[in-house]
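For the record, the sequence lines run as chains B, P, F and S. By our numbering, the letter at position 291 of the first sequence is numbered 291, and the numbering carries on one by one without gaps. By our numbering, the letter at position 197 of the second sequence is numbered 197, and the numbering carries on one by one without gaps. By our numbering, the letter at position 15 of the third sequence is numbered 15, and the numbering carries on one by one without gaps. By our numbering, the letter at position 33 of the fourth sequence is numbered 33, and the numbering carries on one by one without gaps.
Treat the hints with care, since some could be wrong.
[Unchecked claim] Using 30 Å as the maximum straight-line C-alpha spacing, the simulated DSS-like pairs for lysine-lysine come out as follows:
no., chain 1, residue 1, chain 2, residue 2
1, F, Lys36, F, Lys268
2, B, Lys39, S, Lys268
3, F, Lys316, F, Lys305
4, F, Lys305, P, Lys39
5, F, Lys305, F, Lys36
6, F, Lys316, F, Lys36
7, S, Lys305, S, Lys316
8, P, Lys39, P, Lys180
9, S, Lys36, B, Lys39
10, P, Lys39, F, Lys268
Source of the hints: derived by calculation from the structure; they are not laboratory data. Note that the coordinates shown come from a computational prediction; the quantities given were computed from them, not determined experimentally.
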Amino acid sequence: MAELTYREAVARAIAQEMERDPSVVLLGEDVAGAGGAFKATGGLLERFGPERVRDTPISEQAILGAAMGAAMTGLRPIAEVMFSDFFAVCWDMVANQIAKSRYMTAGQVQLPLVVRSGNGGGSRFGAQHSQSVENWAMAVPGLKVVAPSCPSDVIGLLAAAVRDPDPVLVFEHKSLYPTKGEVPDGELVGHLGQAALRRQGGDLTLVALAAMVPVALEAAERLAAEGVQATVIDLRSLVPLDVSTVLSSVSATGHLVTVEENPRLCGWGAELASIVAEECFYDLDGPIVRVTTPHVPLPAADSLEDLARPSVARVLEAVPRALG
Amino acid sequence: MAELTYREAVARAIAQEMERDPSVVLLGEDVAGAGGAFKATGGLLERFGPERVRDTPISEQAILGAAMGAAMTGLRPIAEVMFSDFFAVCWDMVANQIAKSRYMTAGQVQLPLVVRSGNGGGSRFGAQHSQSVENWAMAVPGLKVVAPSCPSDVIGLLAAAVRDPDPVLVFEHKSLYPTKGEVPDGELVGHLGQAALRRQGGDLTLVALAAMVPVALEAAERLAAEGVQATVIDLRSLVPLDVSTVLSSVSATGHLVTVEENPRLCGWGAELASIVAEECFYDLDGPIVRVTTPHVPLPAADSLEDLARPSVARVLEAVPRALG
Amino acid sequence: MATSPLTTGTEPAARSGPETGLALYRWMVVIRQFEKRAYDLFLQNLVKGTSHLSLGQEAVAAGFGVAMRPDDWTFATYRGHAHTIVRGVPLTPIMAELLGRDNGLLRGKGGSMHLTSVAHGMMGSYAIVGAHLPVAVGAAWSAAYRKSGQVAVCFFGDGATNIGAFHEALNLAVVWNLPVVFVCENNLYMEYTPIGAVTAVPRPAADRAPAYGLPPVAIDGNDPEVVHQTALAALERARSGGGPSLIEAVTYRHGGHSRADPATYRPKEEVADWLARDPVPAYRARLVGAGVPEDELQRVEAEAKEAVDRATEEAKAGPPPDPGLVTADLWADGGSSWRS
Amino acid sequence: MATSPLTTGTEPAARSGPETGLALYRWMVVIRQFEKRAYDLFLQNLVKGTSHLSLGQEAVAAGFGVAMRPDDWTFATYRGHAHTIVRGVPLTPIMAELLGRDNGLLRGKGGSMHLTSVAHGMMGSYAIVGAHLPVAVGAAWSAAYRKSGQVAVCFFGDGATNIGAFHEALNLAVVWNLPVVFVCENNLYMEYTPIGAVTAVPRPAADRAPAYGLPPVAIDGNDPEVVHQTALAALERARSGGGPSLIEAVTYRHGGHSRADPATYRPKEEVADWLARDPVPAYRARLVGAGVPEDELQRVEAEAKEAVDRATEEAKAGPPPDPGLVTADLWADGGSSWRS
Ligand SMILES: Cc1ncc(C[n+]2csc(CCOP(=O)(O)OP(=O)(O)O)c2C)c(N)n1
Ligand SMILES: Cc1ncc(C[n+]2csc(CCOP(=O)(O)OP(=O)(O)O)c2C)c(N)n1
Ligand SMILES: [Mg+2]
Ligand SMILES: [Mg+2]
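Hey, can you work out the whole structure from these sequences and the hints?
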C-alpha cells in the first residue's frame, strides 16, 4: 500500500503497461519532454525512450488517426487529448472512424487503443476547457467509456483499458489530479463495466461519476445525519454500463437520484433514469431526479462555476423530490 | 395550397427568406452550381447570384467558421453540412465556438445563423453517411435543434430558424427528401419549440421525430385496429423542447413510448423519458419504453439497415411492455 | 488550374519490362470490366446504396498495385473498388458487398464505400473526406516502430487537399519521417464543383508539398508506366527510411461522381478530350506498339470478362446477410452489448 | 528552424514618424505593466483561472493596434490581453475579468482566455487552438459582402499552424479573396515543446504561405516599427481588394506558457539572448536616439503605471458576479431555458 495522487496513478498505470508489453506506446501534445500538461505522464520519456513516448504537434486529428492506424497494425497506443473539450476538433476520428471500423468491416479491423483526456470543471478555465463530455462518447456505439474517481481506479481502469481489445476512452477528471488515495502495491488491473458500491443504505440510491462521487458521498453523510440512509454507487464505467448493480439497488431502495457534471440534456443520468423507468418501474416509489449542471456552458469565475456544478447542497435539495 | 416535395420545400424556404432579407446568405459544398448534393438548393444561385449563394471547398471547419464570423458581424448565414455525419469534422465550430460564444461573452456576440444538414438512415449509405446525430446537438447548451417531418414544417421551421437570433441546427431527413405534402401558399413562418399533435388517442402517448413520425403514425393505426388508441406527438423541435405538450399527453394516457432513430444510448428519448419520470411520475401507469436503433452503427445492406432502424413492428412490440 | 502542364517529379528509373506491362494492363482491364458491371448492376437496382467508380482512373490503381509489396498497406476512399481489386482481393466478395449479400467482403455491413480486406493489406475505404490520411500515418508509424519495412499508401481525391486532416497528416508524417506515400488522384472535380474553383493553388497537392518540406510532384495519372515508376521510387524511398512522398496523379473520371450522376456540370469538350485519352485503349495501343502479341492482350481481356462474369453470378447467388449481423462485431467479443 | 534569419516580405513604406513612435511605445508599456500586474495578482491568488501573458511579445500587438482602423476586427487567442488592450478597451474591465468580478468585461463568465469587446472591434479570444482563423474569414466575408472596407486581423501562435483549421481558413480566404490578415506570433514554442520539433518546415507560417498562393513573409516581431509598417501594408492590401496576407512575426515570450509555468524547458542561453532583445527597452532606446525627449517617455511610463494601478484597484473593488449570470445570456432573450 502506498498513497499516490491521481496524477501519479496515471503515470504508474502507463508505466505498468509499457513495462509489460512493448507494443504499448504513448503519444500526445507535450506528453514526453514536459511530462504532460497536467504532469500526469512525468518520467515516462526517460524510462521508455523517445520511440515509445512521443510529443506531437497540435494536431488532434493526426494524433487520433495515428493511434488508430497504429492500433490496426499491431501496436497498442495510448493517445492523450489534453483537455476533453478538444475531442471536438477530432470527433470524426473518434466517432466516425475509431468507433465504427470494426463493425463496418465485419470484425476485420482490431482497434486496441486508449484515449486519455483531462475532463471536467472546477479549475476556473471557462467554457472551452472545462466540459464533461463523457456523454458525447457514450452516445456513440463502438466506444468503451470509463471515468475513475480515485487513484486506485485510475490504475485499474487504465490498465484494463490498455489490455482491452476495443477502443476505450478514459476520462480523467482534472480537479481530481491532485487528490490522494491508497493504492495496493504490485500490478493492478481492474475490470471495465463494474460499478463500485461506495456506501450502503436502504432509503435511496445515489449514482455518481468521477468528481461527483465525493459530492454524492458527502451528501449521503449529511442525509444520514437526518436519518436517511443512502446507497452511493460510483458508476466508473459508462460503456459497458453496470446496469444490474444500479437496478438491484433501486429495487431495494425504490428511489434514485443521479449526480452528473455534464449539462442538463442527454447525459448519462438521462440514460440511467430511462433504463430504470423501463426496467425497474414497478419498484420505483418516487420520481427519478437528476442533479446536473444546468444546460449552460461553464462560466469561468470561481463563484459562478461553483454555482453551476452540482454541489452537496443541490443534491440535498433534490432528495426530498425523489423521496416524494 | 400546393403539393411540394420535402426537398423543394427546403429551396422554397431559403428563397422566401433570401427574398425578404438581403443579409441572408447560403454557403456549402456544391450548394450553388449543382443545387446541392440532395438537390435541395436548386435554382437559388440563378435567383440570388454568386455573392449570396456560394460553393465552398471541402472544408467544413471553414464553412462553419465562416458562417459564425459572418453572423457575428451582421449577416444571417445558412450553412450546409452535406451529411450530418460530417458534423464530426467541424464539431469544435459547432459545440465549442458557435454554441458558447454568446454565453462566454455575457451576451455581446450575436449568432443568428442556421446550419442545415442531411440526417438519418434509410438510404443504404452505411455507417458514415446515415447517422442521426440530433442528440449530439441537443447535448450541447447554446444550440437550438429542429427536425421537420413534412414539407410544410420544413418551410415553417427553416424560416423560423433564419429569423431566430440564436444558432439553429436544422436536421433534414435524407429519406424524406422525395416525400410530398401540401403546403399553404404565401409566406410561411413557424415557431421553434412547438410539438405537433398528429393523432389523438387516450390509451398511450407515442412521441417521434422526423422520419419516425410516419412509423409512429402507422403503428398507431394498427393499434387502433386492436382497440388501443394512441396519441402521436411529432416533437419537431428538440431545443427548445415542448415539454408541456408531452407531459399533458402522458398525464392523460399514463403510458409513453418514444420512437427515435439514433443509437440506443443518450438520445432525445432518454431525455424525454427522464423528464417524464421526474415530472410526471405519479401519472405514469407503466414503464416508459424507448424504441431506438440498437447501440450499433448503421449497416449498409438494405435488409440489415431495415432491421436496425425502428420499424412499425418494433413499435408494436414495445407497446404491450409500456401498457404493463 | 488543375489542367496545367504536368511535371514529372521523379524520373522513371527504367522503362517497365513486358511482364510489368501486361500486369499493368491486366489490372486496368479487370478494373474497367468490374466498374462497368457495377454500373450496370446499379441500373438494374441490384446495387442498393451508393457507389463511386474509378472508370477512367484505372492507371493510378494499377500502377501502384503492381509496385506494392504484398505486405504493404492500402488506404483508400469511398472510390475504392479499384484499389481493393489490385491488392488481389477476389472479385466475388467485392461484388457481393456492393449487392449487400452475406458473401460480401464485409458481409453487407460496409457497402461499396468501405471495402476492406485486412488479409490483403487493404486497410479500408473511408467515406469521410480526408479521414484516412492520419490513419495511414499511424500505420506507417507502426511499420517504422517495428522496423517491418512495410509502407502505407494512401489514395485520396483533389477535394481532400482542402480539408484539415490533410494538413495534419502531411505534417506529422514528415516530422516523424514515416514510410507513407500520399497519392492524390486529381480528377479535376470534387463532387460537382471544379477543384480549381475552390483551391488557392493550381495543383491542389503538388503545390502544397513544399509546405511540408517535400518536392512538388505531379504526374500523368493516365499513364500506368509513369505511375508505376513513380510508385516504385516513392515506395523505395519510404522503405529505406527516406520518409513520406506526396504525389499528384492527374486523371479524370469518365462518369459522374457517384451512382447515376450524369455529370452534366462538365464542359463537353473537356469530357471529349479526356475520353480521347482513355488510359485503357491508350495503353493497349502502346503495348501493341511495343510488340506484345494481340492474342495475349485478348486473352487478358477475356479472362477479365470471365472473372467479372463469374463474380457477378456468385454475388447475385449470395443470400441476404444473416439478420444477426445487425448486432454483431461491434466489439472484439463478437457482440454489441453495452451493458455488463 | 524557427530561429532562422528573418526576411521582410514587405518593405516599410516609410519610417514611422515621432507620433507613431510614441503611440507604439505607449501601448507596449501599457501591455508590459498590465501583464506584470496580472502575474503579480496571479501569485496573490486573485487571478483564479489560467492566464497567458504577452510579456516579450508586446511589439506585435502594438504594431497592429496602431495600424488598425477603429472599425477593423481583432480575433485573438487565449493569449489575448495585449490585443484587447490595444483596441482601446478600458483596463479596468479587463483586469476585473481576470479576477472574475461582476465589473469584468464578460462579467466573469469568460475569464482571461475569452476577452471580447464587440464595441471595440475586439471580436473574441478563442481558447481552442486554430478555431478563430475560420471565424475571422467569416467576418472578412461579411465585410466584403457589405463593402464596408473593414479588415479582420487574426492573431495566433506558431503551434496553431499545424492544426487543420489553419489550412482550411487560409485556403478559403484566398479562394474568396477576402480582407483578412493572418498574423502568426511565432514565439518558438507551443506549450512546452519547441515548434521546430513538431513542424515540417523551418518557418511554420511563412513556409506555408505558398501553399495558398501567398508570398512568404517573416518579420522581426520584436521591432514595433517593422510590425507597424507590415501591418499597414497588409491592411491596405486587404482594404483595396488585394485579399489576405499571412505574416509570421518572430518573437519570444519572457515567461512560461501560462500561469506559474517556470519554462525550464528552454535553454538558458536562448532565454538570455531574447531577454537581451527585450522589445520595450530596445524601442525606448531607439526613440531616445531619434530625439524623443526623456521626460515624454517618462510621462508615458508614469501614465501607464497609473492606469494599471487604477484598473487594479477598481477591479479588486468589484463584487463577485451576480449569481443569476450562471443561467443568463445563453440565448438572445437573455435566458437559458431549453423548454418551451
Ligand atoms: C468531410 C466530408 N465532407 C464532404 C463529404 C461529401 N463528399 C463525398 S465525396 C466528395 C468529393 C470528393 O472529391 P475528391 O476529394 O476530389 O475525390 P473524388 O470523389 O473526386 O475521387 C464530397 C464533397 C465527405 N464525404 N466528407
Ligand atoms: C485544439 C487545441 N489543442 C491543444 C490545446 C492546448 N494548448 C493551449 S495553448 C497550446 C500551445 C499553443 O502554442 P502556440 O500556437 O504557439 O501559441 P502560444 O501559446 O505560444 O502563443 C496548446 C497545445 C488547445 N487549446 N486547443
Ligand atoms: Mg476529385
Ligand atoms: Mg507559440
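Ascending list of hint numbers which this structure does not respect
Number 4 - this is the single hint that the structure violates.
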